[in-house]
Amino acid sequence: RKEVEQDPGPFNVPEGATVAFNCTYSNSASQSFFWYRQDCRKEPKLLMSVYSSGNEDGRFTAQLNRASQYISLLIRDSKLSDSATYLCAVTRTTNAGKSTFGDGTTLTVKP
Amino acid sequence: GAVVSQHPSWVICKSGTSVKIECRSLDFQATTMFWYRQFPKQSLMLMATSNEGSKATYEQGVEKDKFLINHASLTLSTLTVTSAHPEDSSFYICSATSGGDTGELFFGEGSRLTVL
Numbered sequence: 254r255k256e257v258e259q260d261p262g263p264f265n266v267p268e269g270a271t272v273a274f275n276c277t278y279s280n281s282a283s284q285s286f287f288w289y290r291q292d293c294r295k296e297p298k299l300l301m302s303v304y305s306s307g308n309e310d311g312r313f314t315a316q317l318n319r320a321s322q323y324i325s326l327l328i329r330d331s332k333l334s335d336s337a338t339y340l341c342a343v344t345r346t347t348n349a350g351k352s353t354f355g356d357g358t359t360l361t362v363k364p
Numbered sequence: 003g004a005v006v007s008q009h010p011s012w013v014i015c016k017s018g019t020s021v022k023i024e025c026r027s028l029d030f031q032a033t034t035m036f037w038y039r040q041f042p043k044q045s046l047m048l049m050a051t052s053n054e055g056s057k058a059t060y061e062q063g064v065e066k067d068k069f070l071i072n073h074a075s076l077t078l079s080t081l082t083v084t085s086a087h088p089e090d091s092s093f094y095i096c097s098a099t100s101g102g103d104t105g106e107l108f109f110g111e112g113s114r115l116t117v118l
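Residue numbers (the working numbering), protein chains in the order written: chain A, 254 to 364; chain B, 3 to 118.
Everything labelled a hint here was simulated from the structure, so no lab data went into it.
One thing to keep in mind: the hints can contain errors.
Unchecked claim - When the alpha-carbon atoms are kept at most 30 angstroms apart in a straight line, the in silico DSSO-like pairs for lysine-lysine are as follows:
#1 A:Lys-351 to A:Lys-295
#2 B:Lys-43 to A:Lys-255
#3 A:Lys-298 to B:Lys-43
#4 A:Lys-298 to B:Lys-22
#5 A:Lys-332 to B:Lys-68
#6 A:Lys-255 to B:Lys-16
#7 B:Lys-68 to B:Lys-22
#8 A:Lys-298 to A:Lys-255
#9 A:Lys-351 to B:Lys-66
#10 A:Lys-295 to B:Lys-43
#11 B:Lys-66 to A:Lys-298
#12 B:Lys-68 to A:Lys-298
#13 B:Lys-66 to B:Lys-43
#14 A:Lys-295 to B:Lys-57
#15 A:Lys-363 to B:Lys-57
#16 B:Lys-43 to A:Lys-332
Computed from a predicted model, the values in this text were never measured in an experiment.
Could you build the full structure based on these sequences and the hints that come with them?
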């Protein structure tokens, strides 16, 4: 079993749709959680850190469920510009930086 | 946020040659940098952890003699793909942390290597 598993894609949604991605992790010692966005042929860029209390940034909401060992990303009112691959990342200890990435979920938002 | 710069962005080389990729942290000191490889439509695969002033720690299955990593200063790590072959063609990305407690990674722009 992979240490970090993501929803298989691709997700194809119309503009304005709400879409949710899930990511599960197997190591209960994991401490830091992130969602990265990666555009085609580009490097990943941090979208959001994920906190136990959940966090929201505009149309994006990230949540962490430690008991069930998963994190989620909700995108509301999808825009064409949201089309990208979304990677979840998990680190076992803070201040170490060694993250394990999921395989990524590709989102395509269509007009 | 912190800035990490990677060079070159693109490189095409002949089989058997060696290619060096540089990763620089521009506005912070990075005692630890990470090197990843990414094949098309696949996720990032951690190759090694680069530690300033010491030997890199390689992930299982990554040949250390094939992928030479040097981290001679707090702002520069280099990855050298030695005797490159077509199967080494890939997207190589470095990342670094700024040392804070968040664990956030800052990525270089990536280097796309094509070996002919």
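Find the hints from earlier in the document that the structure breaks and name them by number, from lowest to highest.
As far as the earlier hints go, 5, 6, 15 are violated by this structure, in ascending order.
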